[in-house]
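Model the full assembly from the supplied sequences, consistent with the hints where possible.
Protein chains: 4
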Amino acid sequence: MPGRNFLFIPGPTNIPDRINRAMHLAQEDMRAPDLPNFTKPLYEDMKKVFKTTTGRVFIFPASGTGGWEAGIANTLSPGDKVLMSGFGHFSNLWIDMCQRWGLNVQALEVDWGEGVPVERYAEILKADRKHEIKGVFATQNETATGVASDVKAVRKALDDASHPALLFVDGVSSVASMDFRMDEWCVDVCVSGSQKGLMLPTGLGIICMSQKAMEAAKTAKLPRCFFDIADQIKSNDMGFFPYTPPMNLLRGLRESLNILFEEGLENVFARHHRYAEATRAAVKAWGLKLVAKEPKWYSDTISAVFVPEGFNGTEVVRTAYRRYNLCLSIGLAKVAGKIFRIGHLGDMNELMLLAALSGAEMAMRDIGIKVEAGSGVAAAQEYLRASAKPSVEEARKI
Amino acid sequence: MPGRNFLFIPGPTNIPDRINRAMHLAQEDMRAPDLPNFTKPLYEDMKKVFKTTTGRVFIFPASGTGGWEAGIANTLSPGDKVLMSGFGHFSNLWIDMCQRWGLNVQALEVDWGEGVPVERYAEILKADRKHEIKGVFATQNETATGVASDVKAVRKALDDASHPALLFVDGVSSVASMDFRMDEWCVDVCVSGSQKGLMLPTGLGIICMSQKAMEAAKTAKLPRCFFDIADQIKSNDMGFFPYTPPMNLLRGLRESLNILFEEGLENVFARHHRYAEATRAAVKAWGLKLVAKEPKWYSDTISAVFVPEGFNGTEVVRTAYRRYNLCLSIGLAKVAGKIFRIGHLGDMNELMLLAALSGAEMAMRDIGIKVEAGSGVAAAQEYLRASAKPSVEEARKI
Amino acid sequence: MPGRNFLFIPGPTNIPDRINRAMHLAQEDMRAPDLPNFTKPLYEDMKKVFKTTTGRVFIFPASGTGGWEAGIANTLSPGDKVLMSGFGHFSNLWIDMCQRWGLNVQALEVDWGEGVPVERYAEILKADRKHEIKGVFATQNETATGVASDVKAVRKALDDASHPALLFVDGVSSVASMDFRMDEWCVDVCVSGSQKGLMLPTGLGIICMSQKAMEAAKTAKLPRCFFDIADQIKSNDMGFFPYTPPMNLLRGLRESLNILFEEGLENVFARHHRYAEATRAAVKAWGLKLVAKEPKWYSDTISAVFVPEGFNGTEVVRTAYRRYNLCLSIGLAKVAGKIFRIGHLGDMNELMLLAALSGAEMAMRDIGIKVEAGSGVAAAQEYLRASAKPSVEEARKI
Amino acid sequence: MPGRNFLFIPGPTNIPDRINRAMHLAQEDMRAPDLPNFTKPLYEDMKKVFKTTTGRVFIFPASGTGGWEAGIANTLSPGDKVLMSGFGHFSNLWIDMCQRWGLNVQALEVDWGEGVPVERYAEILKADRKHEIKGVFATQNETATGVASDVKAVRKALDDASHPALLFVDGVSSVASMDFRMDEWCVDVCVSGSQKGLMLPTGLGIICMSQKAMEAAKTAKLPRCFFDIADQIKSNDMGFFPYTPPMNLLRGLRESLNILFEEGLENVFARHHRYAEATRAAVKAWGLKLVAKEPKWYSDTISAVFVPEGFNGTEVVRTAYRRYNLCLSIGLAKVAGKIFRIGHLGDMNELMLLAALSGAEMAMRDIGIKVEAGSGVAAAQEYLRASAKPSVEEARKI
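Protein chains in written order, with our numbering: chain A, 52 to 449; chain B, 52 to 449; chain C, 52 to 449; chain D, 52 to 449.
Any given hint could turn out to be false.
One copy or two, either will do: identical chains are not told apart, so a pair holds if it fits within one copy or between any two.
[Stated by the list, open to error] Result set (EDC-like, lysine to aspartate or glutamate): computed pairs, CA atoms no more than 16 Å apart in a straight line:
{"hint": "1", "residue 1": "K421", "residue 2": "E433"}
{"hint": "2", "residue 1": "K98", "residue 2": "D234"}
{"hint": "3", "residue 1": "K185", "residue 2": "E317"}
{"hint": "4", "residue 1": "K91", "residue 2": "E235"}
{"hint": "5", "residue 1": "K448", "residue 2": "D85"}
{"hint": "6", "residue 1": "K285", "residue 2": "D96"}
{"hint": "7", "residue 1": "K263", "residue 2": "D234"}
{"hint": "8", "residue 1": "K421", "residue 2": "E235"}
{"hint": "9", "residue 1": "K347", "residue 2": "D211"}
Rather than coming from a laboratory, the hints here were simulated on the basis of the structure.
Right under this line is the structure:
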């Protein structure tokens with residue numbers, strides 16, 4: 052198939068050539084005496100991604116799901132009560148995992164299209180005078196619906212109730228793409244993975260833990276061995292690992308951080324916001340609706356779009372893939388068939404996004420959805436032109 | 052700069068990942084006894100690209116310009132009269148080269164926007180009863196103006212005049228993208244390079260010579276050594292080279308041929324035609340004009356577009372590059388500033404092209420050219436949708 | 052540092068260029084409808100590596116340690132009695148993991164330099180009339196001491212006692228390098244990883260399970276979620292995954308299997324045996340002793356060598372690394388300082404091995420160990436020459 | 052074939068991974084307005100490799116042979132008298148090229164095993180009162196025999212005769228591996244290529260010209276177009292190229308220079324000398340003789356070794372290739388069959404060299420040559436140990 056595939060799923064995301072090159076490597080001795088010269092600054096720099104100076108980062112050869120497990124298994128004990136909310140496929144899977152690990156899960160059901168129900172959380176936390184709730188969970192970005200939640204507000208709910216529960220955040224599809232502030236928001240466990248904002252292949256489950264969470268680990272009784280941070284701490288402190296580390300991905304992670312820091316994290320977030328806005332302009336021009344019910348729920352990394360009644364979102368996705376080499380995402384679970392999703396995160400620029408919007412437009416028209424040819428692209432173009440850097444004037448002078 | 056550059060110049064063209072991987076190699080011994088197992092089928096397969104069974108292919112570590120030189124130096128003698136025509140920057144450079152090599156060049160000047168003046172060639176050849184003209188030159192695709200010429204008709208002009216001159220074709224930006232038929236059109240010397248339809252980095256000057264041209268080489272008196280086919284023949288016959296060969300590019304060329312043959316040459320040509328048509332639909336929707344004056348001159352690998360009076364085509368190109376990471380080409384020589392060019396050849400697909408058209412559209416609007424946002428993209432989309440494979444029906448069933 | 056590092060640790064092993072190229076990839080959609088065309092044959096072919104037709108392979112984004120955990124967690128319940136033996140750092144770590152997961156471990160201590168104590172196993176199993184032992188564990192290759200064990204004999208011990216316990220094999224540093232026969236030896240759970248015989252980067256924990264083990268999984272009560280084979284089965288059956296799979300490594304695994312099958316598994320095993328014999332010839336010529344006490348314990352993937360009294364094996368390793376860019380392995384735990392280890396597995400050939408033996412020789416001489424310069428290399432050369440393919444006669448005729 | 056090929060030919064040489072990665076690139080626009088930011092420092096830094104501040108470097112998409120041609124064609128006129136000397140296959144080919152380009156070549160025949168006959172040059176130059184000789188040629192390193200010549204002494208011969216002829220040096224297999232001083236030795240044209248000391252794939256013909264040579268170019272009458280420095284100067288001055296440049300190789304060249312400068316040119320030369328000495332120690336231990344007759348002719352990049360009477364050097368090379376995946380070089384022309392050659396230049400370290408010496412030793416023994424197993428390796432080891440960095444003492448402290 053000639054030409055490049057256009058990958059617009061919410062992860063894995065496009066890998067910059069620099070990262071692919073950085074991982075094209077001879078294998079190396081993970082016990083080489085000079086390895087700490089590489090690993091120690093890497094772990095230190097990872098903290099900047101989470102905006103923490105007091106927390107600690109742990110990296111497992113796993114996926115984001117493994118990261119979820121590591122976060123839970125290290126900090127909680129069988130039967131512990133946790134407060135969670137489900138409003139999409141992935142927040143529901145997290146609930147499911149907690150249940151399978153024997154936690155006592157209070158799971159709030161929320162309409163898909165909304166996010167963490169902060170006010171209900173606040174009430175429940177206030178009512179929990181005995182502090183039976185040990186963990187409060189928030190999915191910062193629900194990939195299945197394109198809904199972002201307000202983590203800072205969850206922290207406020209905890210603080211307002213003077214509640215000591217640990218705050219768990221699923222940042223898999225937000226960290227390094229949307230603003231996340233470990234220290235400022237007093238998050239205790241944030242989970243991420245390599246294949247989203249970090250622009251790497253899948254294979255790293257990454258968690259960041261607060262001092263409070265690490266203290267909790269000392270008494271947490273869920274069984275763990277592969278994911279035990281105690282082993283990590285002992286080895287990582289010396290710049291090494293408790294078992295063979297995924298060196299290729301770690302070398303790639305180094306390049307990923309180089310790239311992120313060169314652009315600047317705030318610029319990265321602004322860029323993601325810009326692409327999300329352009330996508331939303333296109334969706335509006337198409338006359339379609341997002342799953343996210345209100346602007347406050349809008350995600351900057353993925354947009355989930357309802358297809359009109361009588362059409363099948365999965366068919367849009369399949370047509371785009373088979374006819375235009377474009378990967379969009381289908382709807383999962385409750386919204387299967389009703390939506391398609393456009394992931395707009397990672398290593399991306401204006402023309403890549405416009406290509407994807409073109410492809411979505413064409414695929415919709417192909418199956419009979421009445422959107423005007425070029426309409427979404429034009430709307431996105433106009434938004435992007437107005438906000439592109441350098442300005443037209445500056446570009447003239449360069 | 053995040054995301055991928057969009058490369059829409061008429062060469063170098065986008066390199067497929069498969070080719071980049073094939074060239075990521077340890078170096079090898081160019082005198083290894085089993086090397087002919089690789090080189091002999093490679094040279095044999097290259098003949099298919101030129102559609103020849105009787106001709107012979109020579110590959111030099113050089114560029115297309117080196118290929119031009121190899122073609123001339125091996126077949127002509129100082130003072131030989133040659134018939135040429137200039138209708139763009141590159142056909143003029145070829146004329147210049149022949150003059151610098153001491154040939155007696157009869158160069159017909161042709162309006163830019165037209166191609167080889169076949170009728171004038173026919174008259175001149177008929178008039179040349181003494182067969183003083185030793186070579187007749189045709190640029191199959193003038194990259195500077197996006198003009199294709201009718202090589203078959205040049206052959207007919209020679210045949211009609213029963214003229215024995217050698218027929219030279221510049222196929223640098225056409226071979227492997229547009230139909231070329233060495234044997235059927237009785238071409239004697241066709242010149243190509245690695246960085247266009249063959250989708251490789253720059254570094255190979257490739258010529259295909261007929262038996263008649265190789266016979267001429269025996270008495271041709273232009274000095275040559277690096278480009279001497281006699282040395283090549285002696286070594287190539289045994290599967291080796293007269294001096295160190297560019298093995299990385301040759302390994303890449305193997306993968307290039309694999310890719311071309313998997314798609315099928317005719318499908319490759321049809322694909323290029325389709326992208327050219329889509330581009331022309333966009334240009335029309337923008338209300339702009341091509342440099343190519345009539346459909347018969349339309350190139351399937353590059354479109355040169357006039358900007359409206361009062362605007363500078365180079366500014367479109369610079370704006371596209373600086374604001375949207377899109378590489379278009381500027382106008383050269385006589386049309387500098389008046390045009391911009393969109394190369395649409397090589398490893399390309401629909402969405403890549405639509406991205407480039409989006410970027411061109413935005414850059415034009417940025418500098419004040421009155422084209423409607425999305426108009427060109429919409430026109431191209433509609434053309435591409437109508438001709439995409441698989442059909443919508445088939446895509447449903449896959 | 053000029054030139055290549057010589058990597059002679061027991062894993063990660065050298066990555067063939069073909070595999071590195073196969074992993075230098077654009078990311079892809081792990082839900083693409085045609086993905087099963089890739090995944091299904093891959094899983095099927097992995098069974099050949101384990102020599103099973105009735106078992107099933109599971110691949111986790113993890114390390115070999117994660118594979119250990121997956122094997123245990125899916126098949127056993129808290130308090131289950133298991134029979135294990137420790138005779139090196141890694142067999143001891145496996146014991147430790149089982150204890151941490153709450154199993155009732157009967158761990159036999161064995162002299163380092165010997166392997167699984169089959170006769171003691173046989174007695175214990177015969178004595179266990181009530182079949183309280185649920186799992187019997189055998190480390191096929193103890194990486195820390197260079198000791199191989201007889202898995203077939205462990206199976207015989209089980210059979211002779213008509214004992215129904217599951218047979219667990221740690222094949223991390225043996226599978227795809229030394230012969231392993233899942234079906235013939237009726238192994239129930241075999242654990243491997245990507246970074247040894249499979250010549251990939253670290254990042255895949257691979258287990259192969261018998262039907263009996265999968266049946267046991269239905270009632271096994273150890274908690275599991277990330278490593279739960281039930282989720283894998285459901286998704287893998289359709290050619291997909293329960294969570295984001297490490298596609299790069301899976302694409303690399305495909306190439307690894309291509310390479311292994313092209314050479315032929317039996318040839319791969321013979322090659323490893325040959326390098327091991329050459330290494331042992333060198334050790335003998337140096338006048339040194341292996342940790343493995345008898346030929347029946349000799350490992351074909353790693354040799355652990357005692358340094359003479361008064362010298363420090365770790366210093367050999369450090370000197371080799373710092374002066375000659377050679378990675379050997381240090382002694383761990385009980386044999387720290389007393390030995391150095393030479394890993395000779397994976398993508399390797401005669402001259403690579405001779406280079407490593409040269410480096411070991413030089414490093415030993417550097418710190419004052421009295422080995423004769425060139426002695427080990429000469430002994431290895433003579434062994435390798437006698438067994439090299441093609442024969443001298445054949446090489447003449449090629 | 053498992054494991055890496057050992058490439059010990061005198062070029063192409065081993066490519067460092069860093070360079071291969073640097074060339075694994077998307078194609079780029081060679082007319083991008085910011086390209087000069089890359090090209091200008093590159094050309095400036097290339098001057099450091101030639102140790103010139105007053106000269107100028109030209110880079111052609113070609114091979115070293117193309118570089119030879121560029122050097123001649125730009126500076127000489129038909130019939131010009133040149134003083135040359137032949138003492139191996141490559142110095143003879145240079146003579147042949149000059150003859151084919153119509154120069155009046157006075158070629159001194161020299162015994163193979165010696166180099167440029169400086170005293171005869173001195174006499175001839177003194178005798179040439181009319182300064183009919185326009186060019187004096189010196190092959191700094193004759194690859195076919197492993198003979199280095201004294202360029203500085205040739206300059207002295209010119210100076211002593213107050214002779215104005217241009218001094219041409221073939222530095223293809225010496226530049227960036229052995230000391231070369233353009234300015235200090237007043238060299239006028241030095242020719243090199245990419246695939247030797249620069250550790251790149253074949254594909255760049257590189258020449259460095261003095262101001263005097265560039266002045267000569269203005270009146271030199273040999274025909275040239277592809278290799279014309281006048282076109283290069285015009286474009287290079289602006290940071291661009293007269294025709295499509297081989298950007299991948301230029302990006303690789305950038306990384307090559309980074310690597311060379313990081314190590315330091317003098318350290319690079321010292322390293323090459325060290326490997327050459329170790330090789331010579333091995334040859335002596337084998338009881339064999341070099342083609343180079345005296346130490347003053349010894350090359351630091353390649354050693355040519357006579358096999359004993361009754362044996363065929365080509366058979367050593369073929370056996371090494373077929374049985375041990377080792378590429379040595381055969382004897383060419385006059386010494387075909389009598390010798391084999393070991394290239395020891397480029398990206399190389401101690402163990403790589405010892406591996407090659409092991410392989411040569413084994414191949415010789417295979418065909419019956421009486422060298423003692425391990426003898427050459429031992430001698431080389433001892434030399435290398437004595438001179439390795441860091442010292443044993445330092446290595447202990449790191």
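Comparing the hints with the structure gives:
With identical chains, the CA atoms of K421 and E433 are at most 16 Å apart between copies only, with a shortest distance of 14 Å across copies and 22 Å within one. For the identical chains of this complex, K98 and D234 are intra-copy neighbours only, at 10 Å inside a copy versus 48 Å across copies, given an alpha-carbon limit of 16 Å. Taking the shortest alpha-carbon separations for K185 and E317, neither the intra-copy value of 33 Å nor the inter-copy value of 55 Å comes in at or below 16 Å. In this assembly of identical chains, the alpha carbons of K91 and E235 never lie at most 16 Å apart, being 24 Å within a copy and 47 Å across copies at closest.
Taking the shortest alpha-carbon separations for K448 and D85, only the inter-copy value of 13 Å comes in at or below 16 Å, while the best intra-copy value is 47 Å. In the homo-oligomer, the alpha carbons of K285 and D96 never lie at most 16 Å apart, since the shortest distance is 19 Å inside one protomer and 39 Å across protomers. For a Cα distance limit of 16 Å, the shortest separation of K263 from D234 inside one copy, 12 Å, qualifies, whereas the shortest one across copies, 49 Å, does not. For a Cα distance limit of 16 Å, the shortest separation of K421 from E235 qualifies neither inside one copy, at 46 Å, nor across copies, at 49 Å.
Proximity of K347 to D211 under the C-alpha cut-off of 16 Å is found in neither arrangement, the shortest distances being 22 Å within a copy and 69 Å between copies.
Violated hints for the displayed structure, listed by number in ascending order: 3, 4, 6, 8, 9.
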